[in-house]
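Here the protein sequences line up with chains V, D and A, keeping their order. The first sequence begins at 1 in the numbering used here and counts up one residue at a time. The second sequence begins at 1001 in the numbering used here and counts up one residue at a time. The third sequence begins at 2001 in the numbering used here and counts up one residue at a time.
Please keep in mind that the hints were generated in silico from the structure rather than gathered at the bench. Treat the hints with care, since some could be wrong.
[What the hints assert, rightly or not] Cross-link-like lysine-lysine pairs, in silico, DSS-like; alpha carbons within 30 Å at most: (1) Lys2053/A with Lys2032/A; (2) Lys29/V with Lys2021/A; (3) Lys2153/A with Lys29/V; (4) Lys1033/D with Lys1204/D; (5) Lys368/V with Lys29/V; (6) Lys282/V with Lys262/V; (7) Lys2143/A with Lys2111/A; (8) Lys2032/A with Lys1204/D; (9) Lys2138/A with Lys161/V; (10) Lys161/V with Lys2153/A; (11) Lys2036/A with Lys1204/D; (12) Lys2032/A with Lys2021/A; (13) Lys2021/A with Lys161/V; (14) Lys2166/A with Lys2021/A; (15) Lys8/V with Lys320/V; (16) Lys2036/A with Lys2021/A; (17) Lys2153/A with Lys2173/A; (18) Lys110/V with Lys161/V; (19) Lys2173/A with Lys2056/A; (20) Lys4/V with Lys1230/D; (21) Lys48/V with Lys161/V; (22) Lys2153/A with Lys262/V; (23) Lys1033/D with Lys1231/D; (24) Lys5/V with Lys161/V; (25) Lys269/V with Lys29/V; (26) Lys2138/A with Lys2173/A; (27) Lys5/V with Lys278/V; (28) Lys5/V with Lys1230/D; (29) Lys282/V with Lys269/V; (30) Lys2153/A with Lys2143/A; (31) Lys5/V with Lys1231/D; (32) Lys2155/A with Lys29/V; (33) Lys2032/A with Lys161/V; (34) Lys360/V with Lys262/V; (35) Lys360/V with Lys161/V.
[What the hints assert, rightly or not] Computed list of chain A residues with no C-beta within reach of chain D, every gap over 12 Å: (36) Leu2023; (37) Val2029; (38) Arg2078.
Even glycine gets a Cβ: it sits at the ideal position worked out from N, Cα and C.
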Amino acid sequence: MDLKKIRKDVAVVGAGMTVFARRLQETGKEMSWEAAKMALDEAGLTLKDIDAVVLGSAPDAFDGVHKKGEWLLDGAGGTNKPFMRVYTGGGTAVFAPIAGWWHVASGMFKRVLVVCEEKMSSVQPHAQSAFAHIWDPILDRPLRPNLVWIFAMEMQRYMHKYNVRYEDIALVAVKNKRNAVGHPCAQLADPTITLDDVINSEPMALPVRRLDISPPSDGASAIVLVSEDVVYEHTDSPVWIEGVGWCLDTTMWTNRDLAFPKFLARAAKMAYEMAGIKNPRKEIDFAEPYDPFDYKELQHLEGLLLADPGEAAIMTREGKTQRDGEFPVCPSGGLLGVGNPIAATLGIKIGEVYWQLARKAGPRQVKKDVRTGVAQAWGDLMQFSAVVVMRRR
Amino acid sequence: MRDVAVLGVGATAFTSQTPEVNWKELIYDAAVKAYAEAGIDPRRDVDSFVTCAEDYWEGFSIFDEFTPDQLGGALRPTMTVCGDGLQGLATAYMQIKTGMFNIVVVEAHSKISELLTYEHIVELAFDPIYERPLSAEREVHPYYVAGLEMNLYLHATGTTEEQCALVAVHNRRQALNNPLAPYGARLGLQEIFHSGYAFTPLKKWEIASRADGCIVFVLAAGEIARRLTKKPLVYVEGIGWSSESPWISARSADASYARHAAQMAYRQAGITNPRRQIDVIEVEDRFAFKELQHLEALGFARPGEAGWLAQSGALGLDGELKVNLSGGSLGCGDLIEASGLQRALEIVLQLRGEAGARQVPNARVGVAQSWRGLPHGTGAVAVFARRD
Amino acid sequence: MSKKTEFGPPLNPRGRRLEAKELESITHVRAKVPAKYAWAAGTAMSRFLEELKNGKIIGRRCARCDRVLVPPRMFCERCFQPTTEWVYLPGTGVVETFSISYIDTNANRIKEPILVGVIAFDGAPPHCGIMHYFGEVKPEELKIGMPVEPVWKPKEERVGSVLDIKYFRPRRK
């Protein structure tokens, strides 16, 4: 791999996202259109200007629609265009933008629209019913598992190996749900939530409690990516995608030590090397790691090499990861606060890093001056991560 | 500018069933062959892995979980394209063109024999609110849409049923020369007509039977490929893909997705006169009439002309246009998302001169085209060439 | 317009939350997904299931990295080489990790928790095992690193499934 030989630099010039909620009135197509339109509007473009469309969406089983990407394509603006759906489970939120990046970086397209959609409320009786089919049919499914189990098991292993206290993990949920108060799309913002609320919330699959988990949701997000050749036609202060990385670990999740996400460390190293980052802790100003569970934010900070194993909990306890702290983490409010329509969390990962770097984040804007941010998502059977480093030059 | 070469290909035989292996073992078999041919170790030399799959074909939510191990892609950049093999090839092509990736692997497979409710899953791809209730109410097989489209095509172009049936005769016969193809047969027009209408005017034997199989491609940046091998290389000279509206009622009669994809691929490859410049042609023929429609969309014939070409014997090894010598989908089987890579495989073999009894002498430029199947209008076109 | 100053971007995001009353008046189209599959278990897993019927755990050794892969595979994903040898394991192991679950597969709440975890097998590389239930143990007694052993169903009830093991319990001396 030649991480320094990129043909065309790629910038984000617009982003949009819908309200995250149980969106029973709109179809997935309609939500895709909403997000796409918002991103195009922010970029000052129309669909005519777009050369290609990339779509991200997680399991078809949520919608009960086979080839969901094809179904969503008119809503996403893909009609009569080169249209591609990529898929890496929960990691799709940050991976679809990476796919958009290579559409542009290859020199094949100048302006690309990336749309991510998720509608989890259609499947009955619960989104979990769709997750029942993500397991190995021979080894796992006969045990009638719930997806929360594997996260509980991963969390248990993480706490055990690195001596992490549950109270410190729960602080992440408090921070993110409070941060989400500044987000207009948020589903679970809570300005008054306390540590005790999380610790005393209903046990789900211990050590995971109800408030440790981000809620299933419906929504869509989109961004517009453009090539260096045309970027200044659209903005004076582009936010550049400077590093991308992704990595998928073995399918056999019961054959791995779940305490440390090695696959994420590999993806992060790929993205950092491409971005010319040698010391991520010094050179990255803030992070939007994937936080479907509170412990995941900590584990992901460590996988992103922004903290040593076990150290992220201490940073959280000391307040360093607050929006006004020395290393803000999930200033958007994250999945825990804004909601978790899986692929659509593009808007609170890539979208938020873009808005923060463009200094457009309003009341969510982090205190310190930020020039470099990292967004990350995680998915499949706890085995995949996608990492994007973005920068204002 | 960077060019992209085919460093290695591997495939299993295509068969109606594969109960002796699971999908991982099937893919592993094809991958081992491709890596051996490319002379690479996937654990060391490959920068990125691409699998082409859809959840409901496989029976999993998030099939991406199950993709890395059998390709050698564990703990490496590995991903899934929800598309046909040629869209996977396009993804690898773009990745290499960025300058960052030197060697990229693309895999597409079919394990469709394990899906027991095929027609219900096809129906599941229809819009759930407007379109699905129609077929559910009457319990119609979703392929009725192919009947509608064929009718439209015959009406718009004046093509005859007999000309369409000839495609099935040709392709099943051509498959006899392809050791990978399971459905080779010597049939006459009367057998196709006697098979009866499945979805008028579409006849039963004008519909491709399904098959299992796997194809793996190893693509490499030209400068890397030239360093790794002394053998003459086949290059990907252009690749395009396009999607029509997903609504059945908005579908064109002329496969505009294929026309758009071809325009994109031809532009990159510098093809201005496909009929003269392209030596071997593989187009999608899951339904016999689609071959004719696609030949027209790709610029090998004017609208309505492809049927006459079929009738005059111009299509095939001895004709002017060397079309679907592999046997196509009618002969190799409908390989679902792997169909496009099967076409690309045939072109690569032809351009290398490794196509055995069906070899086109001195073939230098070839085109492979895919269509993702009902009910959608999504397809891709790839142009391959030898430069030596 | 006040919203504009209250929040950051996206400004005026499309869509809105529904009131409880509105939820009742939504138009739905209902359908079942008629998806049925018969997956070939494959060479390795077929043998694994057969051996479960015999009350045995079997793995495959990779000659190159010398790991015993369990559950078994016909190829090693690390070395990308065929595995070469069947290896019986004692079936005992340690608790790699666990959860005490108050929800079932469809997220319904349950009173009696399900005890579930990963068992790392003795004779396999570290962290290498399968997911299963625990039994004959109180939730508060479960610990990572605890030695466990399988409790098999009676021979005549075994069908070649992971459920041929009822659960794992703390190992007796």
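Quick rundown of the hints versus the structure:
1. For the proposed pair Lys2053/A and Lys2032/A, the alpha carbon gap of about 35 Å is over 30 Å, so the pair is violated.
2. Taking the CA atoms of Lys29/V and Lys2021/A, the gap is about 25 Å. The hint holds against a cut of 30 Å.
3. This hinted pair does not check out: Lys2153/A and Lys29/V have alpha carbons roughly 50 Å apart, beyond 30 Å.
4. Note on Lys1033/D and Lys1204/D: the hinted pairing is violated, with a Cα-Cα distance of about 35 Å set against a maximum of 30 Å.
5. A C-alpha spacing of about 39 Å is found between Lys368/V and Lys29/V, which places the hinted pair above 30 Å, so the restraint is violated.
6. At most 30 Å may separate the alpha-carbon atoms for a hinted pair to count; Lys282/V and Lys262/V meet this at roughly 21 Å.
7. Restraint check for Lys2143/A and Lys2111/A: the C-alpha separation of about 21 Å stays at or below 30 Å, so the hint holds.
8. For the given pair, Lys2032/A sits about 29 Å from Lys1204/D by alpha-carbon distance, which is consistent with the 30 Å threshold.
9. Distance restraint check for Lys2138/A and Lys161/V: the Cα-Cα separation of roughly 22 Å lies within the 30 Å cut-off, and the hinted pair is therefore satisfied.
10. Simply put, Lys161/V and Lys2153/A have alpha-carbon atoms about 33 Å apart, too far for the 30 Å limit, and the pair is violated.
11. Proposed proximity of Lys2036/A and Lys1204/D is supported: the alpha carbons are some 24 Å apart, at most 30 Å.
12. A hinted pair counts as satisfied when its Cα atoms are at most 30 Å apart, and Lys2032/A with Lys2021/A qualifies at roughly 27 Å.
13. Pair hint Lys2021/A plus Lys161/V does not hold up; C-alpha atoms about 48 Å apart against a cutoff of 30 Å.
14. Restraint check: the Cα-Cα separation between Lys2166/A and Lys2021/A comes to about 47 Å, which exceeds 30 Å; the hinted pair is violated.
15. Pair hint Lys8/V plus Lys320/V does not hold up; C-alpha atoms about 36 Å apart against a cutoff of 30 Å.
16. Of the supplied pair hints, the one linking Lys2036/A and Lys2021/A is violated, its CA atoms being roughly 38 Å apart against a limit of 30 Å.
17. A threshold of 30 Å between alpha carbons decides the hint, and for Lys2153/A with Lys2173/A the separation of about 21 Å falls inside it, so the pair holds.
18. A distance of roughly 47 Å separates the Cα atoms of Lys110/V and Lys161/V; the hinted pair therefore is violated under the 30 Å criterion.
19. With a CA separation close to 20 Å, the supplied pair Lys2173/A and Lys2056/A stays within the 30 Å bound.
20. A threshold of 30 Å between alpha carbons decides the hint, and for Lys4/V with Lys1230/D the separation of about 28 Å falls inside it, so the pair holds.
21. Of the supplied pair hints, the one linking Lys48/V and Lys161/V is violated, its CA atoms being roughly 53 Å apart against a limit of 30 Å.
22. Restraint check for Lys2153/A and Lys262/V: the C-alpha separation of about 37 Å exceeds 30 Å, so the hint is violated.
23. A C-alpha spacing of about 17 Å is found between Lys1033/D and Lys1231/D, which places the hinted pair at or below 30 Å, so the restraint holds.
24. Our distance criterion of 30 Å between C-alpha atoms is broken by Lys5/V and Lys161/V, whose separation comes to about 39 Å.
25. Pair hint Lys269/V plus Lys29/V does not hold up; C-alpha atoms about 36 Å apart against a cutoff of 30 Å.
26. This hinted pair checks out: Lys2138/A and Lys2173/A have alpha carbons roughly 19 Å apart, not beyond 30 Å.
27. Annotation: proposed proximity of Lys5/V to Lys278/V holds, straight-line Cα distance about 17 Å (limit 30 Å).
28. A C-alpha spacing of about 26 Å is found between Lys5/V and Lys1230/D, which places the hinted pair at or below 30 Å, so the restraint holds.
29. For the hint linking Lys282/V to Lys269/V, the alpha-carbon distance of about 15 Å falls within 30 Å, and the restraint holds.
30. Among the hinted pairs, Lys2153/A with Lys2143/A is consistent with the structure: their alpha-carbon atoms are about 24 Å apart, no more than 30 Å.
31. A hinted pair counts as satisfied when its Cα atoms are at most 30 Å apart, and Lys5/V with Lys1231/D qualifies at roughly 27 Å.
32. At roughly 53 Å between alpha-carbon atoms, Lys2155/A and Lys29/V are farther apart than 30 Å, so this suggested pair is violated.
33. Under the criterion of a C-alpha separation no larger than 30 Å, the hint pairing Lys2032/A with Lys161/V is inconsistent with the structure, at around 44 Å.
34. Taken as a hint, the Lys360/V and Lys262/V pair is broken in the structure, with Cα atoms around 34 Å apart against an allowance of 30 Å.
35. The hinted pair formed by Lys360/V and Lys161/V fails the criterion: a straight-line CA distance of about 40 Å is larger than 30 Å.
36. Even its closest Cβ contact with chain D, about 19 Å, leaves Leu2023/A beyond 12 Å, as expected for a residue assigned away from the interface.
37. Consistency note on Val2029/A: stated as away from chain D, yet its beta-carbon is not over 12 Å from all of that chain's, at 5 Å minimum.
38. Not every CB of chain D is more than 12 Å from the CB of Arg2078/A (nearest about 7 Å), against its label as outside the interface.
In terms of the numbered hints stated before, the structure departs from hints 1, 3, 4, 5, 10, 13, 14, 15, 16, 18, 21, 22, 24, 25, 32, 33, 34, 35, 37 and 38, listed from lowest to highest.
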